[in-house]
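As a plain string of letters, each chain reads:
Number of protein chains: 2
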Amino acid sequence: MTLSMYQASAPRFAHMLKSLAAILDKAQAHAEARKIDPLVLSAARLYPDMFALARQVQVACDTAKGAVARLAGVENPKHEDTEKTFAELKARIDKTVAFIEGVKPAQIDGSEDREIVMKLGPREVQWKGMQYLLGFALPNFYFHAATAYDILRHNGVELAKRDFIGNV
Amino acid sequence: MTLSMYQASAPRFAHMLKSLAAILDKAQAHAEARKIDPLVLSAARLYPDMFALARQVQVACDTAKGAVARLAGVENPKHEDTEKTFAELKARIDKTVAFIEGVKPAQIDGSEDREIVMKLGPREVQWKGMQYLLGFALPNFYFHAATAYDILRHNGVELAKRDFIGNV
Numbered sequence: 118m119t120l121s122m123y124q125a126s127a128p129r130f131a132h133m134l135k136s137l138a139a140i141l142d143k144a145q146a147h148a149e150a151r152k153i154d155p156l157v158l159s160a161a162r163l164y165p166d167m168f169a170l171a172r173q174v175q176v177a178c179d180t181a182k183g184a185v186a187r188l189a190g191v192e193n194p195k196h197e198d199t200e201k202t203f204a205e206l207k208a209r210i211d212k213t214v215a216f217i218e219g220v221k222p223a224q225i226d227g228s229e230d231r232e233i234v235m236k237l238g239p240r241e242v243q244w245k246g247m248q249y250l251l252g253f254a255l256p257n258f259y260f261h262a263a264t265a266y267d268i269l270r271h272n273g274v275e276l277a278k279r280d281f282i283g284n285v
Numbered sequence: 118m119t120l121s122m123y124q125a126s127a128p129r130f131a132h133m134l135k136s137l138a139a140i141l142d143k144a145q146a147h148a149e150a151r152k153i154d155p156l157v158l159s160a161a162r163l164y165p166d167m168f169a170l171a172r173q174v175q176v177a178c179d180t181a182k183g184a185v186a187r188l189a190g191v192e193n194p195k196h197e198d199t200e201k202t203f204a205e206l207k208a209r210i211d212k213t214v215a216f217i218e219g220v221k222p223a224q225i226d227g228s229e230d231r232e233i234v235m236k237l238g239p240r241e242v243q244w245k246g247m248q249y250l251l252g253f254a255l256p257n258f259y260f261h262a263a264t265a266y267d268i269l270r271h272n273g274v275e276l277a278k279r280d281f282i283g284n285v
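As they're listed, the protein sequences go chains A and B.
Anchor point for the first sequence: position 22 equals 139 in the working numbering, and the numbering is continuous, going up by one each time.
Anchor point for the second sequence: position 144 equals 261 in the working numbering, and the numbering is continuous, going up by one each time.
The set of hints was computed from the structure by calculation and includes no laboratory data.
Quick caveat: nothing in here was measured; it's all calculated off a predicted structure.
Worth double-checking, as some hints may not be accurate.
No copy labels: a pair is met if it fits in one copy or bridges any two.
[Claimed, not checked] In silico lysine-lysine, DSS-like type, Cα no more than 27 Å apart, as pairs:
no. : residue 1 : residue 2
1   : Lys-152   : Lys-236
2   : Lys-152   : Lys-221
3   : Lys-245   : Lys-278
4   : Lys-245   : Lys-221
5   : Lys-201   : Lys-221
6   : Lys-195   : Lys-152
7   : Lys-201   : Lys-278
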């Protein structure tokens with residue numbers, strides 16, 4: 118087995134997104150057991166100018182989707198940010214995973230030197246594919262997934278690191 | 118440029134650890150400006166049974182150090198968890214980065230199928246090198262780095278995503 122751009126991207130995004138969906142299931146169950154409105158959790162944030170849980174999930178999804186689309190050189194499907202409930206957030210994850218799993222290894226492998234151009238706020242940033250994946254997409258993706266986990270832990274949802282890492 | 122086990126590991130760990138050191142500098146400046154005891158921040162946590170900031174930094178360091186040592190097949194130096202102040206935590210990061218940067222690409226490249234055995238709590242886990250890096254070491258490392266950032270943001274330190282991602 119040789120490390121490849123595909124191995125380092127699509128399956129890892131899909132794996133973590135599935136862990137995130139299972140984490141949302143635990144949050145839903147926690148809310149139901151304690152008669153907490155789940156919308157309180159999906160709107161929870163760690164600081165007033167940080168993203169709320171729902172937005173963390175949306176950005177994690179879009180970071181993964183965008184990375185797979187850009188590295189494969191295929192159109193990046195637009196997913197509107199309309200989700201509020203856990204069921205809606207899980208559906209967002211599901212359609213993101215379906216997109217990721219629809220891309221074949223050969224479409225991403227060899228993309229190390231592919232020119233990637235994207236807007237980061239007001240800046241237009243240019244990367245080579247490998248630098249984009251390792252230096253931006255993966256840390257940004259894990260940042261939002263971990264912050265989603267942190268928001269739920271901060272609100273008392275019983276989660277452990279294994280919920281984040283999954284079975285590897 | 119071809120993606121390799123070295124490219125996907127050592128330089129990424131070192132880059133994020135340097136971002137984390139710069140984040141600790143901002144936390145120190147924040148504490149001084151507001152006459153907050155910095156030890157309050159290094160002992161801060163998001164929930165009573167989560168790790169405090171200092172421990173998040175220590176675990177991030179050890180995850181990176183352990184991954185580089187195991188993939189390279191060299192002895193994993195033991196760093197005692199004694200740090201409390203920001204200066205001590207930055208020194209911990211510095212010695213971790215020095216270790217990581219002392220390992221040469223050729224020592225890590227080709228480690229995709231290397232047998233990795235480690236203890237995770239009570240479990241002994243076996244991985245191939247690639248699965249260990251992509252499925253455990255990187256997400257675990259970014260989890261602890263992101264949670265350190267989240268703890269500081271939650272406590273009012275002014276940080277932005279760019280402090281986490283760094284210049285890529």
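We went through each hint and held it up to the structure:
In this assembly of identical chains, the alpha carbons of Lys-152 and Lys-236 never lie at most 27 Å apart, being 42 Å within a copy and 38 Å across copies at closest. Taking CA atoms no more than 27 Å apart as the test, Lys-152 paired with Lys-221 passes in neither setting, with 43 Å inside one copy and 55 Å between copies. Taking the shortest Cα distances, Lys-245 and Lys-278 sit within 27 Å of each other only across copies (21 Å), while inside one copy they are farther apart (32 Å). With identical chains, the CA atoms of Lys-245 and Lys-221 are at most 27 Å apart both within one copy (20 Å) and between copies (23 Å).
Taking the shortest Cα distances, Lys-201 and Lys-221 never come within 27 Å of each other, neither inside one copy (31 Å) nor across copies (47 Å). Taking the shortest alpha-carbon separations for Lys-195 and Lys-152, neither the intra-copy value of 35 Å nor the inter-copy value of 46 Å comes in at or below 27 Å. When the C-alpha separation of Lys-201 and Lys-278 is checked against a cutoff of 27 Å, the pair qualifies both within a copy, at 25 Å, and between copies, at 23 Å.
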